[in-house]
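Engineer: For reference, the chains in residue letters:
Protein chains: 2
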Amino acid sequence: MDFFFAPESIAVIGASPKSGKIGNVILRSLLESSYSGRIYPVNPKESEIMGLPCHASVTEVKAEMAVISLPASIVPGVVRECGESGVKGIVIISGGFKEMGADGKRMEEEIVSTAREYDMRIIGPNCIGVYSPKNGIDLLFQPEYAMVRPGRGNIAVLSQSGTYAATLLEWIRMEGFGVSKMVSFGNKADVDEVDLIEYLADDPETDVIALYLESTRREFLPVLRRVARKKPVVILKGGQGSMGSKAAMSHTGALAGKYEVFRGVIKQHGGTVAEDIEEMLDIIKILSLRVPPPGNRVLMITNGAGPAVSALDFMEKGGKIVPVTVVEETRKALAESLPPYCIFKNPIDLTGSASGDMYVKAMRNAADAGDFIFMLFVFQDGILADTYGALLDRIPDLMKETGKAVIGISSGGPFTEERMKEFQAAGVPMLRTPKRAVKAMEKVIEYGRFLRRYQSD
Amino acid sequence: MDFFFAPESIAVIGASPKSGKIGNVILRSLLESSYSGRIYPVNPKESEIMGLPCHASVTEVKAEMAVISLPASIVPGVVRECGESGVKGIVIISGGFKEMGADGKRMEEEIVSTAREYDMRIIGPNCIGVYSPKNGIDLLFQPEYAMVRPGRGNIAVLSQSGTYAATLLEWIRMEGFGVSKMVSFGNKADVDEVDLIEYLADDPETDVIALYLESTRREFLPVLRRVARKKPVVILKGGQGSMGSKAAMSHTGALAGKYEVFRGVIKQHGGTVAEDIEEMLDIIKILSLRVPPPGNRVLMITNGAGPAVSALDFMEKGGKIVPVTVVEETRKALAESLPPYCIFKNPIDLTGSASGDMYVKAMRNAADAGDFIFMLFVFQDGILADTYGALLDRIPDLMKETGKAVIGISSGGPFTEERMKEFQAAGVPMLRTPKRAVKAMEKVIEYGRFLRRYQSD
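Sequence order for the protein chains is A and B.
Counted the way numbering that gives the first Met the number 0 counts, the first sequence spans residues 0 to 456.
Counted the way numbering that gives the first Met the number 0 counts, the second sequence spans residues 0 to 456.
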């Protein structure tokens with residue numbers, strides 16, 4: 000399916016000079032991206048759009064990939080023309096198919112059968128297309144002023160919902176992360192999650208797969224198990240109850256099953272289940288930074304007690320992460336290197352007087368106590384605000400030396416948000432609340448168990 | 000307790016010329032605020048700080064309120080001096096009291112008994128003090144570059160944890176909301192949540208009280224019931240399990256009870272329980288905009304199906320909010336005013352082609368169907384990005400005409416975040432995910448039930 004992500008040439012069928020039209024934004028997105036292949040606008044009513052000659056039909060050009068935004072009723076004919084002209088992959092943005100009832104379903108089936116006839120693959124219909132920054136593939140009909148694009152990175156985003164795809168792309172960008180490939184597969188008439196995770200399993204650009212699903216097919220499970228051994232697949236299921244399922248059905252025409260069963264089976268096959276879109280973001284942030292899934296024993300280091308109390312609350316509720324006891328020997332080592340007003344338990348409370356250097360000392364002397372570290376920061380406190388740099392500079396080495404992953408927890412305004420980005424750039428995933436950190440790490444730890452079970456097979 | 004929020008004069012005891020010192024930041028915060036009363040720095044080692052004459056002892060000045068940041072051991076003596084000089088209220092920032100064990104506890108008791116002797120009230124110790132933008136009271140030792148301050152508004156923030164107080168203040172500011180008063184009460188040696196909610200019940204500036212607690216006393220409940228009849232009290236409990244409780248104890252020296260019992264009892268007395276700090280933010284946003292707690296029947300209007308599916312999922316899981324059925328008459332009215340590709344069920348799906356005007360028509364024709372409206376927005380979609388203004392201009396009137404509250408749901412990057420602020424300024428609380436909207440509205444609806452039960456008494 001490389002032709003979807005690195006095609007030599009793209010036909011934009013339904014390209015339009017009218018601003019606000021979907022075929023207008025798609026063409027602009029492509030032109031404004033770094034895509035270096037040929038672009039062929041196709042629209043029988045125009046002779047030129049955005050400085051490019053416009054073609055009456057896709058049969059007039061040689062395009063490896065085509066993106067279609069036209070009324071549903073004329074799409075089947077255009078798909079046949081694509082086949083005639085040698086197109087290998089088609090992305091159909093248009094809605095109006097299976098999700099609209101029997102007539103739409105028939106058209107969708109016709110399209111698929113035409114695609115098979117010509118050995119073409121189809122993404123969509125009823126989707127927001129493909130985004131792949133490496134080769135400048137940007138088929139998004141969301142204008143850039145309304146939706147920022149992330150740069151290159153190791154997260155692949157796959158989504159049955161265009162909205163969730165757009166949200167994840169923007170959040171990933173705002174957090175300072177990047178994506179390898181995004182595919183919004185909508186009605187998944189042809190290419191679906193099974194094809195895509197299988198394809199991405201061998202994609203060297205992709206380390207984490209984020210997948211929003213409203214339904215799936217039986218073949219997903221064995222493929223998931225194979226893929227999950229190579230890289231994590233984080234799955235959010237929409238249509239979890241009977242009400243949501245019904246709405247999902249009129250969304251992408253998909254039938255969905257019972258959520259609890261789904262979740263259990265997915266876990267068994269190595270999938271990581273996110274309970275909502277924010278939890279998905281949190282988990283993929285951790286995995287994108289290649290945090291090796293640790294064991295479940297945690298040490299906490301903090302300069303504020305309130306959030307540490309909350310972290311303990313949520314660990315106890317979840318019952319999956321266990322705070323270690325700080326043994327006497329560790330306590331002594333800490334007491335020798337840190338001021339006496341610190342509290343040498345778990346959490347190690349460095350108090351509001353904590354400096355970056357005190358975090359370094361705490362980590363160096365106590366990291367061995369657990370499998371990983373929750374490091375809580377009140378960056379608002381003046382001393383830490385002025386001295387956090389001493390920790391930031393050392394943290395990559397400290398993680399290497401101690402072999403322990405650090406998960407940061409911090410909540411606040413612009414100053415805190417900037418510090419969070421700096422720590423993330425240094426390899427420390429920063430979560431916005433204690434609850435979110437605990438929930439996300441529960442899932443990462445669970446994935447680690449799957450990996451170890453597999454390794455010992 | 001007015002002297003804490005609008006004192007004629009303030010002594011800053013432990014004021015310091017050294018940047019980074021707590022007594023330095025507090026003095027600077029006050030000087031940079033709009034406080035118009037007299038400020039007396041007190042420090043026997045200095046003759047002048049930041050251009051103000053510095054006094055050797057608080058007994059040399061006439062201050063109505065004093066804020067103390069000194070080592071714990073000398074605080075009891077200074078408190079007595081405050082009494083001698085006629086101070087009415089003292090805010091003790093310093094830690095090193097009850098939370099540090101028996102000696103600290105003794106000192107704390109001594110302070111309280113001195114305060115009783117002189118008829119003074121004490122906030123703290125071990126806290127970040129008081130913030131009240133109306134009169135420029137800013138005792139925060141978090142420098143402004145590291146922590147943004149919210150302007151005036153109708154949310155009161157009370158917190159046993161300084162960290163959570165700081166987080167809420169910054170989040171409230173970033174969301175475009177404002178606060179009436181913030182009190183971080185730490186060890187609550189004297190003034191505690193009971194005094195504070197009672198005081199705020201009659202504060203005309205305050206419409207919503209946000210309260211982070213790690214423990215409380217029996218008297219809280221009857222007071223809560225009285226206050227909750229006047230205005231909502233949104234409570235987050237830290238130390239919910241046995242682990243968290245222990246940590247809370249070494250934090251503010253407080254003993255805490257079993258969480259489930261706590262939660263049940265709080266609800267019975269009209270308190271609104273938030274399960275974590277983000278949920279607290281969401282609930283107070285809704286209540287700050289004076290959304291009258293509605294019934295539990297919701298109509299949804301959206302231009303993206305994915306998040307609507309999620310909203311249904313979380314409503315079904317929660318079992319507290321019920322999506323209404325769009326009856327034939329409403330369906331007809333919608334079909335007459337909106338394009339045929341829209342889906343006239345609940346959610347009303349205006350599709351990616353939705354304009355601001357289509358939202359207006361959907362709301363006008365269908366608002367009667369339920370008690371309130373979840374309005375979901377994909378602002379990334381070009382058409383809505385260009386036309387949302389038509390809805391924004393009309394939404395205050397639409398809410399008035401229909402009598403239905405609108406709760407917005409939207410997720411995305413900078414463009415979306417800006418739109419969210421605009422809609423909030425127009426009176427529509429904007430929540431970041433379907434899950435968060437459902438969870439927060441469950442709590443608001445529950446508070447409405449308490450109010451109605453009381454009204455029918």
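Quick caveat, the hints were computed from the structure, so don't treat them as lab data.
Fair warning: this is a prediction, and the values are worked out from it, not measured in the lab.
Worth double-checking, as some hints may not be accurate.
Since copy identity is lost for identical chains, a pair holds within one copy or between any two.
Taking lysine-lysine pairs in the DSS-like style, the calculated list, with each CA pair at most 27 angstroms apart, reads [what the hints assert, rightly or not]:
(1) Lys360 <-> Lys20
(2) Lys319 <-> Lys257
(3) Lys403 <-> Lys17
(4) Lys104 <-> Lys87
(5) Lys230 <-> Lys399
(6) Lys44 <-> Lys319
(7) Lys331 <-> Lys104
(8) Lys344 <-> Lys257
(9) Lys360 <-> Lys229
(10) Lys331 <-> Lys17
(11) Lys230 <-> Lys266
Engineer: Now, for every hint given, state plainly whether the structure supports it.
Structural biologist: Verification of the supplied hints:
no. : hint              : in the structure
1   : Lys360 <-> Lys20  : between (58 angstroms within a copy, 22 angstroms between copies)
2   : Lys319 <-> Lys257 : both (24 angstroms within a copy, 20 angstroms between copies)
3   : Lys403 <-> Lys17  : neither (55 angstroms within a copy, 37 angstroms between copies)
4   : Lys104 <-> Lys87  : within (23 angstroms within a copy, 77 angstroms between copies)
5   : Lys230 <-> Lys399 : within (22 angstroms within a copy, 52 angstroms between copies)
6   : Lys44 <-> Lys319  : neither (62 angstroms within a copy, 53 angstroms between copies)
7   : Lys331 <-> Lys104 : between (71 angstroms within a copy, 25 angstroms between copies)
8   : Lys344 <-> Lys257 : between (44 angstroms within a copy, 23 angstroms between copies)
9   : Lys360 <-> Lys229 : neither (36 angstroms within a copy, 50 angstroms between copies)
10  : Lys331 <-> Lys17  : neither (72 angstroms within a copy, 32 angstroms between copies)
11  : Lys230 <-> Lys266 : within (14 angstroms within a copy, 45 angstroms between copies)
In summary, the numbered hints that this structure violates are 3, 6, 9, 10.
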